[in-house]
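Protein sequences appear in the order of chains A and B.
Residue numbers are given in our numbering: position 111 of the first sequence equals residue 111, and the series is strictly consecutive.
Residue numbers are given in our numbering: position 48 of the second sequence equals residue 48, and the series is strictly consecutive.
Quick caveat, the hints were computed from the structure, so don't treat them as lab data.
To give an idea of the interface, some chain A residues facing chain B are shown, with a C-beta separation under 7 Å as derived from the structure:
hint: 1; residue: Gln34
hint: 2; residue: Gly43
hint: 3; residue: Leu44
hint: 4; residue: Ser46
hint: 5; residue: Leu49
hint: 6; residue: Lys100
hint: 7; residue: Phe103
hint: 8; residue: Gln105
Below, a list of computed lysine-lysine pairs in the DSS-like style, where the Cα atoms sit at most 27 Å apart:
hint: 9; chain 1: A; residue 1: Lys42; chain 2: B; residue 2: Lys14
hint: 10; chain 1: B; residue 1: Lys9; chain 2: A; residue 2: Lys42
hint: 11; chain 1: A; residue 1: Lys42; chain 2: A; residue 2: Lys112
hint: 12; chain 1: A; residue 1: Lys1; chain 2: A; residue 2: Lys68
Note that CB positions come from ideal geometry on N, CA and C, so glycine has one too.
Chain residues, written in single-letter form:
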Amino acid sequence: KQEVTQIPAALSVPEGENLVLNCSFTDSAIYNLQWFRQDPGKGLTSLLLIQSSQREQTSGRLNASLDKSSGRSTLYIAASQPGDSATYLCAVTGSSNTGKLIFGQGTTLQVKP
Amino acid sequence: NAGVTQTPKFQVLKTGQSMTLQCAQDMNHEYMSWYRQDPGMGLRLIHYSVGAGITDQGEVPNGYNVSRSTTEDFPLRLLSAAPSQTSVYFCASSATGAYIYGYTFGSGTRLTVV
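With the hints as constraints, model all of the structure from the sequences given.
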């Protein structure tokens with residue numbers, strides 16, 4: 001059974017810091033991995049999608065990497081801003097791609113001005 | 001582009017009542033799914049569908065029913081609401097090329113069962 005773990009559960013940093021959020025999964029036979037952002041009381045916004053054949057994806061200040069063999073992904077946020085404060089979730093799709101996402105518990109990030 | 005639309009946004013039910021949470025997408029996506037989000041439990045899959053007329057159970061299907069008569073709609077029915085079903089419910093959709101496009105989520109329905 002696929003399990004997804006995110007460490008740390010919470011993180012507080014001063015504005016301007018570069019930071020890394022971690023996601024690990026137990027079954028390396030994934031279809032893709034997606035990083036989401038969730039603001040309090042809101043829905044999920046997709047940030048980055050990494051296909052199983054890819055190593056990384058970049059969007060603005062965000063960079064996500066994927067190492068299938070070790071079952072790990074990282075989300076790198078450069079020059080953090082208070083507006084980056086949110087919960088970040090990673091989710092994997094199994095190799096059969098049946099529309100099933102398995103989520104981690106998320107990392108709640110606070111960026112202090 | 002409306003994307004994935006969920007209604008209602010908020011709902012309070014009494015124990016034993018039934019209701020339907022609506023989910024509609026206008027992107028012609030084949031895959032649709034329902035998740036519930038609970039504190040400390042994360043998001044868990046309730047039911048999913050890979051196309052009209054095809055549904056299957058996820059991790060936590062008990063107490064919920066689904067059907068998919070059209071590509072656009074994927075309603076979630078609570079047969080007899082229980083306090084344990086108090087949660088935030090999210091609907092998601094993706095194209096069959098999900099490995100390229102990923103999943104789009106609705107804004108959620110916050111359900112309280114008293």
